[in-house]
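A.B. asks: Each chain, written out:
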Amino acid sequence: MADAPQEIEALIDMMARLPGLGPRSARRAVLHLIARRGQLLAPLAQAMQAVAETARECLNCGNIATADICPICASEARANGELCVVEDVADLWAMERAGVFRGRYHVLGGTLSALDSIGPEELRIPRLLDRIEAENITEVILALNATVDGQTTAHYIADALEGRVRVSSLAQGVPVGGELDYLDDGTITAALRARKTL
Amino acid sequence: MSRLFLKALSLSHFRSHRATRLALDHRPVAIFGANGAGKTNILEAISLLSPGRGLRRAAAGEMARRPEEVGWKVTAALDSLGQHHEIETWAEPGQARQLRIDGKTAPQAELGRIARILWLTPAMDRLWTEGAEGRRRFLDRIALSLFPEHGDIALRYERAMRERNRLLRDGVRDGRWYEALEAQMASAGAALLAGRRAAIARLAAVQPRAEGPFPAATLSLETPEGEALPDSERALAAAIARSRPRDMAAGRSLIGPHRQDLVAVYAAKAVPARDCSTGEQKALLISLILANARAIAEDFGAPPILLLDEVAAHLDAQRRAALFAEILALGAQAWMTGTGEELFDELGEKAQRLEVREAQGQSLVEMRD
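Which chain is which? The protein sequence lines are A and B, in order.
In terms of the UniProt record's numbering, the first sequence has 43 at position 43, counting the first letter as 1, and numbering is strictly consecutive.
In terms of the UniProt record's numbering, the second sequence has 206 at position 206, counting the first letter as 1, and numbering is strictly consecutive.
It is possible that part of the hints are untrue.
As the list claims (entries may be wrong) - Simulated coverage check for chain B against chain A, where a stretch passes if three residues somewhere in it have a Cβ under 8 Å from a Cβ of chain A:
no. : segment
1   : 159–166
2   : 170–176
Said to hold, decoys possible - Chain A is nowhere near these chain B residues, computed Cβ spacing over 12 Å in every case:
no. : residue
3   : ARG53
4   : ILE153
5   : ALA205
Hints in this document: simulated from the structure, not taken from any laboratory.
Beta carbons are placed, not taken as given, at the ideal position from N, Cα and C, and that holds for glycine.
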């Protein structure tokens with residue numbers, strides 16, 4: 001038997017489907033929202049409504065935007081010839097938080113995976129190839145995960161772009177502020193291979 | 001002397017054991033009792049303290065005690081090169097196996113850093129006569145015991161190959177996609193081949209030359225085509241790429257380390273292991289396990305924990321005495337099972353004894369002095 005009225009149970013049910021929330025935490029969150037109906041629940045409902053109506057994928061890069069073209073693709077200041085390829089929007093946001101990359105992005109929406117039936121067509125790779133000429137790209141930076149699927153995708157894209165543009169990838173190795181003692185063998189091997197002269 | 005041994009072991013709702021608790025020292029452990037009493041289950045529990053699915057290759061759910069099926073847990077206190085470690089591994093019903101080392105959640109590969117465990121089971125008696133897959137796995141476990149990174153490399157290779165096999169089966173013709181996967185296969189594959197070769201070389205270096213109770217085996221790698229696989233990543237990628245039309249027709253990858261076979265030859269007689277007598281085949285296996293243990297003792301700093309299931313029963317008195325002498329010389333905590341206590345008489349005070357009985361549907365273990 002449900003503890004709360006049907007509408008509230010339905011809300012708890014929806015909340016419990018969100019990543020990081022389970023049935024108990026969803027229940028707590030909903031009680032919290034109801035207790036602060038004016039300050040939290042109503043503004044949240046409005047914000048969600050607004051996002052539901054406007055949120056969409058940028059037609060150019062796959063970033064999440066509220067218009068057909070996202071602010072990064074729309075900004076002329078970001079057209080410096082560099083294009084950073086990431087797996088998903090969370091990776092793009094991580095790069096943006098660092099605030100050092102001044103070029104544009106291309107969000108693949110995943111990695112090549114034959115076992116999951118995800119091929120180049122599903123990944124906006126054709127669109128990526130079109131953008132090279134259209135936006136006068138001089139360097140493509142591959143910021144993909146160091147997994148088998150991530151590296152297969154990186155290899156695929158590098159091959160497709162060969163001779164057309166400079167292709168680079170993020171370095172792998174010791175994290176900033178990291179201690180060697182705590183690193184796994186794979187990271188140490190990668191760091192040693194990518195060592196540089198001082 | 002640096003040692004690696006279990007100081008304590010507890011099995012909770014694990015197969016036939018409801019609550020078994022053992023306090024141990026570094027000496028070998030002789031386990032005796034009737035068939036079906038639950039001796040091998042103890043060895044299986046210990047085998048879970050090394051990366052992988054243990055000596056029966058069972059899924060986590062299969063190891064739960066029936067009929068309760070409340071999940072199971074194995075806890076061990078390990079002395080590894082003078083350092084104390086607490087290892088806990090368990091599975092809740094319907095869930096994957098979990099692992100904690102010294103109170104912290106850890107990936108299985110981490111076990112390879114603190115413990116080395118080797119095993120020999122009666123099922124391996126058919127190793128030389130059955131399919132190549134078992135021999136590849138045997139060699140890869142040897143390599144993993146010597147080079148802990150070998151496990152990750154094998155997983156990377158497997159993943160890339162499964163992806164490529166899927167493309168082949170689906171009839172995908174995107175050459176670039178194949179190339180990208182073949183690059184991954186070649187990168188992991190070359191490392192996998194190097195690991196296997198290094199493992200064979202390492203064993204060859206520590207095998208006794210003289211004819212003894214456990215004869216030396218000459219190991220080599222073979223491919224079904226008879227043509228050796230190229231060493232370098234680049235050449236391996238090219239070989240896999242060349243095989244693409246054939247692979248497409250077959251619907252799977254026909255070239256690569258996953259097709260290699262381990263060949264053993266009884267060195268003194270120059271007879272392939274598969275043509276040796278059953279007794280000789282067993283002696284060859286023991287010889288390889290002992291060589292592996294010697295290599296680990298040199299490289300890791302302490303001999304591995306050995307799990308030798310029903311090993312005493314298949315050996316004549318002379319070979320049994322020789323095996324015990326080898327184990328004692330190594331200083332390994334070897335866990336050996338057998339139906340009768342008398343099989344371990346020669347070990348005398350030099351071994352700990354456990355008697356396992358089955359009563360009212362559960363295994364009862366008693367320490368005997």
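A.B. asks: Now tell me if each hint is right for this structure.
C.D. replies: Comparing the hints with the structure gives:
Counting residues of the segment 159–166 of chain B whose CB lies closer than 8 Å to any CB of chain A gives 6, so the stated coverage by that chain holds, three being the minimum. For the segment 170–176 of chain B, the proposed coverage by chain A is satisfied: 4 residues have a C-beta within less than 8 Å of a C-beta in that chain, meeting the threshold of three. Distance to chain A confirms B/ARG53 as a non-interface residue, since its nearest Cβ pair spans about 21 Å, more than 12 Å. Once the 12 Å rule is applied to beta carbons, B/ILE153 is inconsistent with being away from chain A; the minimum gap is 10 Å.
In this structure B/ALA205 is separated from chain A by more than 12 Å, as the shortest Cβ-Cβ distance comes to about 23 Å.
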